[in-house]
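**Q** These are the residues of each chain, in order.
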Amino acid sequence: MAQMNLLEAIRQGMDEEMEHDPRVFITGEDVGPRGGVFRVTQGLFEKYGPTRIIDSPLAELSIVGVGIGAALADLRPICEIQFADFIHPAMNQIMNEAARMYYRSGGTWTVPMVIRAPYGGGVGGGLYHSQSVEAFFAHTPGLKVIIPSTPYDAKGLIKSAIRDPNPVLFFETKKGYRLIKGDVPEGEYTVPIGEARVAREGSDLTVYSYGMMAHYAMQAAERVSQTDGIEAEVVDLRTLLPLDTKTVLESFKKTGKALIVHEDNLTMGFGAEIAAILASDGFEYMDAPIQRLCAPDIPGVPFSHPMQDYFMLNPTKIADAIRDLAAY
Amino acid sequence: MAQMNLLEAIRQGMDEEMEHDPRVFITGEDVGPRGGVFRVTQGLFEKYGPTRIIDSPLAELSIVGVGIGAALADLRPICEIQFADFIHPAMNQIMNEAARMYYRSGGTWTVPMVIRAPYGGGVGGGLYHSQSVEAFFAHTPGLKVIIPSTPYDAKGLIKSAIRDPNPVLFFETKKGYRLIKGDVPEGEYTVPIGEARVAREGSDLTVYSYGMMAHYAMQAAERVSQTDGIEAEVVDLRTLLPLDTKTVLESFKKTGKALIVHEDNLTMGFGAEIAAILASDGFEYMDAPIQRLCAPDIPGVPFSHPMQDYFMLNPTKIADAIRDLAAY
Amino acid sequence: MAKNTTDKVRNGRATPTSRPSDSLTKDTLLEMYWKMLLSRRVDERAWMIHRQGKIVFHISAIGQEAIQVAAAYTIHLGVDYIVPYYRDLALVLCAGVTPEDFMISLYGKEGELSSLARQMPSHFGAKPFNIVSTSAPVATQVVHAAGMAFAIKYRIQNELQDPNDRTQPRLAVTSLGEGSTSQGEWHEAMNWAGVHQLPFICIVQNNHYAISVPVDKQMAVPNVADRAAAYGVEGIIVDGNDVLACYDVMHYAVQKAYRGDGPTLIEAKTYRMTPHSSDDDDRTYRERSEVDAWRDKDPLLRLANHLKAQGLLTDAVIEGYDKRARKIVDEAQRAAEERPYPPGESAIAPVYAEAN
Amino acid sequence: MAKNTTDKVRNGRATPTSRPSDSLTKDTLLEMYWKMLLSRRVDERAWMIHRQGKIVFHISAIGQEAIQVAAAYTIHLGVDYIVPYYRDLALVLCAGVTPEDFMISLYGKEGELSSLARQMPSHFGAKPFNIVSTSAPVATQVVHAAGMAFAIKYRIQNELQDPNDRTQPRLAVTSLGEGSTSQGEWHEAMNWAGVHQLPFICIVQNNHYAISVPVDKQMAVPNVADRAAAYGVEGIIVDGNDVLACYDVMHYAVQKAYRGDGPTLIEAKTYRMTPHSSDDDDRTYRERSEVDAWRDKDPLLRLANHLKAQGLLTDAVIEGYDKRARKIVDEAQRAAEERPYPPGESAIAPVYAEAN
Ligand SMILES: Cc1ncc(C[n+]2csc(CCOP(=O)(O)OP(=O)(O)O)c2C)c(N)n1
Ligand SMILES: Cc1ncc(C[n+]2csc(CCOP(=O)(O)OP(=O)(O)O)c2C)c(N)n1
Ligand SMILES: [Mg+2]
Ligand SMILES: [Mg+2]
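Heads up: the sequence lines are chains A, B, C and D, in that order.
According to the numbering used here, the first sequence holds residues 1 to 328 in order.
According to the numbering used here, the second sequence holds residues 1001 to 1328 in order.
According to the numbering used here, the third sequence holds residues 2001 to 2356 in order.
According to the numbering used here, the fourth sequence holds residues 3001 to 3356 in order.
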């Protein structure tokens, strides 16, 4: 098995799907000769040429809207949004069109497309190169929302996303692109959409997370295990929509305590939904207040690094929150 | 005191503010001679003329974006989006620009504007004339989000919104425009933004709601009081962002049981945030699972009336949920 | 690099000397007339049953049938992609939707063709005829049409489709109102069509109003076609109430698309002879005299007069057509009325497609 | 109704016989040269300290200073609304931002002018000079500029402002790159400017690339100015590396706006002499020969040569300027470096303005 980073795993997954299905193509800003600003598509232009790796105009709504049209016409577009922060111009196409097409056409027209975007902070990107936008899409029935936290899952999930007959939002932690490394099998395998992963077993409490924060949550869990003997279960949600409520609840039944961690801001972040589900369906198992450890409710990650550090979560902050909750 | 409907109350509030401040103007599609497709601006064109009541091009992002520019230049725009369903093209301007301007400019540039939009179902509008979109904006720090449920509040809150130095989303239940009537004092008064209202006192449980559903919740509460002797407290949130967590929690401390009702779909609807707050800060008062009674997670209100009726909440469904929760 | 064709904007007919419409047979001409008439009668009935309180909403194609029927008679129906807007009743009726289908959508009855009655009427769509499902936010469909045209070019370039295979879609045609060209969506779609020189036809049905807003509050140019040059797209203006002129320009644009010679914008100048929809009252924003003046230019009347002048049509034949139309519409209405509503629970249908 | 001015597109100078720039005094010309030079030196230093690992990000104006300085010298600085984009370093330095302010933003130090160091560098903004806060999503600012221009017209029409009061803003000027005109935002902003004939100037700095994407993948027309006609806006092309030609067209557009004669789009053809930003490697997408060829057209050199030819500038004076610039930049850098970072907690600042 090859060791690779998150970015390479995503690239390999796309590459395999492009080899296997000539209908799969990639469009977006600078995805061609430039290989994407993060180099996720590097080498694909050389391999597949300008008819399948298409530099788009600087225009997100049409990157997505053209992708929808192509998907309606039975292609399999992968649309790259350069930063999640720039997905907003495409929200009309994503929410009103892609998400609603299947239901509104009585199940006749489908939109098999993937929209990829790097998300998240901690890279000096300030308010507009650090956003987490998953919550908006997780509120939109008809979409699927995926955020992988390991190279293995990233490759397996991007492949599932490309094959899925529905519009899939695929958010990639840019901070983790090169930082997160792991084993990735050569060749064909997929990871199913809609299944959370118990990344670490534990009995004292459950940490729910995804993306970069799931990675940090694992580090924090290991740390408190060593320092305090607290055994935190870590659930990596992987898919936010549709959510794997079964795994979410099963873990809670076991631990009775929940810490939900995301780098998106608190209010109406995805943690709210997890908390709401636990507070209704997990009521009888609740041993402590449901805790959310999230970014503050300010309009973005500040640029200057002390403020950025203050804003961002990290393994230490998560470990502290685990200790507090364990002590409840 | 005059009896008027919700629509007239909003119009009167805008009219008074326009009289009192020459910087206030209205723009949007068909707001001029046509008086708006719902007639909310009827008569204002005749009174203030084409320099203050401005028919815009059919283009929501620029209705909002031009409004932002005008607000930056110290005017007080009221931007009408014809249906909340059509606000999506403007999401980039609202979320990335209006919401973030104050913080990103170190508190120097302000965006004193109001974006009004009719929302909600039950009027035969199908998927695209029935949407509830408040959850998206409630996740966006820097915005204020208001949904009044009575004519009194509507007038008082639209006036506060126009005077507020921040961007305010003001959602109006189109179903309630003419249906909801109430007393409205002549002349000057305001209702503060950020304060929920205990619409009905009760001790058995709390119903949290807003807009049309708050109106229905009141009817349901009266009904179960008469039929079952259940005394439900009804909290009309009025402002979703910033949320009046104090009032939300105080009621819960009293009743220990919460039913959250909105016509937006369940997953990641605003009810999730209320539930999450109760499940953390209200943990020790919890006497029952936190209940959410919301629309199903499908991409919109279906057109055909049996399906619409099935989809929509009403006082009967709310009353049933109240009984179930009271019996827990 | 695309050509800038502002100066080529055509008024009326594409090729004044020999016109494609010259070779239309009598049968075809009468069929086109029949389609326009049928659409009109279906549409009028919708207004009537709305007034009777039997349905809650109708939005009309009356006055705009000519360009729609012309489009239908120039493309490969059922094969080429059609991405319509809410006024395209005549177009979709040509493409395979039946009056009964439409009536069922007005009543929101079970099994409704476009959406199983989930959508409001006139949100057209029919997968079997390659008519894409329509939403309400204006201009979004133009981007889809660009994407579908892109898919055609993609398949040809990547050798997934033979460019001359007539069983495959060879163009995407879409329409929208002039007001909707103010949307950023339209700009971006046109730009893609231009940059990639796609087999794409954008029909702008310029009826001079966006609900109440007249075109001069919408844009600072006299013609939408003037905007096409900004995208390297050819823009053509046509009298949208002259079905033969419409046929000529559509024929030109379609053949051009089939040849791989790029996109066309066709601005059909026309008029909405009814209020915007059954919810509208157009007396608040337009003079009756203006409406009356346009009544004289009614495309249906005009074609009738033309065909009569050519000796191809008589009042007796028209009467026969009207009778036939009435029968069809009566039956359609009856069938729709007799049909059950979908059960309430059917609202809860799959939101996601299953992999197959 | 606005005029359609495709045919009026100007190449180079607005009025070939008598040029506004002819009446620029020696002092002003030297000042303009100085501003371009200072911006260049500040910019070069930014690249240097980035290479030294002292800062994490820089995005450059190098090569594009001419149109920016021309804009600054034709509008009423500090009063008219400036709605810049991230390459407008030379413009904002003219408008009141100091090299030290900019250096502080590069380092993200306490009290940073535009955002208190919350935003990345080059996200300009300065309320005291009426420079609007810049975000990153491209083209959004063009809509704001249209709104600010609309506010001017509104105040005049509603008698809240005397049109001749020079203490009040009389126009809004904005800029963006050519690639950003692909956005729907730009379309809608231009349309408002056209429909309302606003005192609005949109400067398109066409440097031929949007990061790696060349202009012919961005649009199917050779000039962005060709797109202006679609909005009833006058479009003017100018050699963006010739500061005097830029001055002429800007002067024309500004005076026109002041007179209430409507909006102008100015396309300044120029070149980005550096990679897109410090994160970019432009060798993946453009030939070195192309970059080198544009180096000969460097606007700073060109102005120097022109002024020397006119006998207004000598190498000695240039050397003096350079020395002065170096000192200013050194001091700015030192001041920025010595300044503390904002405390982490200052991230948590008010999100809402208080009523006053
Ligand atoms: C994005 C969006 N905004 C607003 C509306 C409401 N609306 C429906 S039709 C219409 C006017 C459309 O005018 P035009 O494009 O000229 O088409 P016409 O109806 O005249 O054929 C408006 C404003 C909408 N459907 N979508
Ligand atoms: C909406 C949006 N999408 C993508 C980006 C990322 N991005 C930043 S600059 C840029 C290229 C801009 O090109 P152009 O408009 O020509 O301006 P230039 O940088 O060449 O001056 C891109 C794609 C962005 N900032 N905003
Ligand atoms: Mg129209
Ligand atoms: Mg550029």
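Source of the hints: derived by calculation from the structure; they are not laboratory data.
We put the beta carbon where it would ideally sit given N, CA and C, even for glycine.
Warning: the hint list may mix true and false statements.
Unchecked claim - Dumping the calculated DSS-like pairs for lysine-lysine here, alpha-carbon to alpha-carbon at most 30 Å:
{"id": "1", "chain 1": "A", "residue 1": "K47", "chain 2": "C", "residue 2": "K2308"}
{"id": "2", "chain 1": "B", "residue 1": "K1047", "chain 2": "D", "residue 2": "K3054"}
{"id": "3", "chain 1": "D", "residue 1": "K3109", "chain 2": "D", "residue 2": "K3297"}
{"id": "4", "chain 1": "B", "residue 1": "K1047", "chain 2": "A", "residue 2": "K254"}
{"id": "5", "chain 1": "B", "residue 1": "K1047", "chain 2": "A", "residue 2": "K253"}
{"id": "6", "chain 1": "D", "residue 1": "K3297", "chain 2": "D", "residue 2": "K3327"}
{"id": "7", "chain 1": "D", "residue 1": "K3327", "chain 2": "D", "residue 2": "K3109"}
{"id": "8", "chain 1": "D", "residue 1": "K3035", "chain 2": "D", "residue 2": "K3127"}
{"id": "9", "chain 1": "D", "residue 1": "K3054", "chain 2": "D", "residue 2": "K3153"}
{"id": "10", "chain 1": "D", "residue 1": "K3323", "chain 2": "A", "residue 2": "K181"}
{"id": "11", "chain 1": "C", "residue 1": "K2035", "chain 2": "C", "residue 2": "K2109"}
{"id": "12", "chain 1": "A", "residue 1": "K246", "chain 2": "A", "residue 2": "K47"}
{"id": "13", "chain 1": "B", "residue 1": "K1317", "chain 2": "A", "residue 2": "K317"}
{"id": "14", "chain 1": "C", "residue 1": "K2035", "chain 2": "C", "residue 2": "K2327"}
{"id": "15", "chain 1": "C", "residue 1": "K2054", "chain 2": "B", "residue 2": "K1317"}
{"id": "16", "chain 1": "C", "residue 1": "K2297", "chain 2": "C", "residue 2": "K2109"}
{"id": "17", "chain 1": "A", "residue 1": "K246", "chain 2": "B", "residue 2": "K1181"}
{"id": "18", "chain 1": "C", "residue 1": "K2297", "chain 2": "C", "residue 2": "K2323"}
{"id": "19", "chain 1": "B", "residue 1": "K1181", "chain 2": "A", "residue 2": "K253"}
{"id": "20", "chain 1": "C", "residue 1": "K2109", "chain 2": "C", "residue 2": "K2127"}
{"id": "21", "chain 1": "B", "residue 1": "K1317", "chain 2": "C", "residue 2": "K2109"}
{"id": "22", "chain 1": "D", "residue 1": "K3109", "chain 2": "A", "residue 2": "K317"}
{"id": "23", "chain 1": "C", "residue 1": "K2054", "chain 2": "B", "residue 2": "K1181"}
{"id": "24", "chain 1": "C", "residue 1": "K2297", "chain 2": "C", "residue 2": "K2308"}
{"id": "25", "chain 1": "B", "residue 1": "K1181", "chain 2": "B", "residue 2": "K1246"}
{"id": "26", "chain 1": "B", "residue 1": "K1181", "chain 2": "B", "residue 2": "K1047"}
{"id": "27", "chain 1": "D", "residue 1": "K3256", "chain 2": "D", "residue 2": "K3327"}
{"id": "28", "chain 1": "A", "residue 1": "K317", "chain 2": "D", "residue 2": "K3308"}
{"id": "29", "chain 1": "B", "residue 1": "K1317", "chain 2": "B", "residue 2": "K1246"}
What the hints assert, rightly or not - Residues of chain A placed beyond 12 Å of chain D at every Cβ, according to the derived structure:
{"id": "30", "residue": "E60"}
{"id": "31", "residue": "D85"}
{"id": "32", "residue": "T108"}
{"id": "33", "residue": "G300"}
{"id": "34", "residue": "H305"}
{"id": "35", "residue": "P306"}
{"id": "36", "residue": "D324"}
**Q** It remains to establish, for every hint, whether it holds in the given structure.
**A** Hint-by-hint comparison with the structure:
A C-alpha spacing of about 63 Å is found between A/K47 and C/K2308, which places the hinted pair above 30 Å, so the restraint is violated. Distance hint between B/K1047 and D/K3054 is unfulfilled; the C-alpha atoms sit about 60 Å from each other, more than 30 Å. For the hint pairing D/K3109 with D/K3297, the CA-to-CA distance comes to about 36 Å; that exceeds 30 Å, so the pair is violated. A threshold of 30 Å between alpha carbons decides the hint, and for B/K1047 with A/K254 the separation of about 66 Å lies outside it, so the pair is violated.
Distance hint between B/K1047 and A/K253 is unfulfilled; the C-alpha atoms sit about 64 Å from each other, more than 30 Å. At most 30 Å may separate the alpha-carbon atoms for a hinted pair to count; D/K3297 and D/K3327 meet this at roughly 27 Å. This hinted pair checks out: D/K3327 and D/K3109 have alpha carbons roughly 21 Å apart, not beyond 30 Å. About 21 Å separates the Cα atoms of D/K3035 and D/K3127, which keeps this hinted pair within 30 Å; it holds.
Straight-line distance between C-alpha atoms of D/K3054 and D/K3153 comes to about 46 Å, which puts the hinted pair past the 30 Å bound. For the given pair, D/K3323 sits about 50 Å from A/K181 by alpha-carbon distance, which is inconsistent with the 30 Å threshold. At roughly 24 Å between alpha-carbon atoms, C/K2035 and C/K2109 fall within 30 Å of each other, so this suggested pair holds. Only pairs whose Cα atoms come within 30 Å are accepted, and A/K246 paired with A/K47 is rejected, the gap being roughly 42 Å.
Using a Cα cut-off of 30 Å, the hinted pair B/K1317 and A/K317 is violated, with the two alpha carbons roughly 43 Å apart. A C-alpha spacing of about 15 Å is found between C/K2035 and C/K2327, which places the hinted pair at or below 30 Å, so the restraint holds. Restraint check: the Cα-Cα separation between C/K2054 and B/K1317 comes to about 28 Å, which is no more than 30 Å; the hinted pair holds. This hinted pair does not check out: C/K2297 and C/K2109 have alpha carbons roughly 36 Å apart, beyond 30 Å.
A distance of roughly 45 Å separates the Cα atoms of A/K246 and B/K1181; the hinted pair therefore is violated under the 30 Å criterion. With a C-alpha separation of about 24 Å, the suggested pairing of C/K2297 with C/K2323 holds against the 30 Å cut-off. For the proposed pair B/K1181 and A/K253, the alpha carbon gap of about 47 Å is over 30 Å, so the pair is violated. In summary, the hint linking C/K2109 to C/K2127 is supported, as the alpha carbons are separated by about 19 Å, within the 30 Å threshold.
Taking the CA atoms of B/K1317 and C/K2109, the gap is near 25 Å; set against the 30 Å cutoff, the hint holds. About 25 Å separates the Cα atoms of D/K3109 and A/K317, which keeps this hinted pair within 30 Å; it holds. In summary, the hint linking C/K2054 to B/K1181 is supported, as the alpha carbons are separated by about 28 Å, within the 30 Å threshold. This hinted pair checks out: C/K2297 and C/K2308 have alpha carbons roughly 16 Å apart, not beyond 30 Å.
Taking the CA atoms of B/K1181 and B/K1246, the gap is near 28 Å; set against the 30 Å cutoff, the hint holds. Only pairs whose Cα atoms come within 30 Å are accepted, and B/K1181 paired with B/K1047 is accepted, the gap being roughly 25 Å. Restraint check for D/K3256 and D/K3327: the C-alpha separation of about 39 Å exceeds 30 Å, so the hint is violated. Proximity of A/K317 to D/K3308 is assessed by CA-CA distance (about 62 Å); at most 30 Å being required, the pair is judged violated.
At roughly 28 Å between alpha-carbon atoms, B/K1317 and B/K1246 fall within 30 Å of each other, so this suggested pair holds. Chain D draws A/E60 into its interface by the beta-carbon criterion, the shortest separation being 8 Å against a cut-off of 12 Å. Distance to chain D contradicts A/D85 as a non-interface residue, since its nearest Cβ pair spans about 7 Å, not more than 12 Å. With a cut of 12 Å on Cβ distances, A/T108 stays outside the contact zone with chain D, its closest approach being about 29 Å.
Some Cβ of chain D comes within 12 Å of the Cβ of A/G300; the nearest lies about 8 Å off, and the non-interface call is violated. Non-interface call for A/H305 relative to chain D: violated, since the shortest CB-CB distance, roughly 7 Å, does not exceed 12 Å. Distance check on A/P306: its Cβ comes as close as 4 Å (rounded) to a Cβ of chain D, failing to clear the 12 Å threshold; non-interface status is violated. Every Cβ of chain D is farther than 12 Å from the Cβ of A/D324; the closest lies at roughly 20 Å, confirming the non-interface assignment.
Going through the hint list in order, the structure does not satisfy hints 1, 2, 3, 4, 5, 9, 10, 12, 13, 16, 17, 19, 27, 28, 30, 31, 33, 34 and 35.
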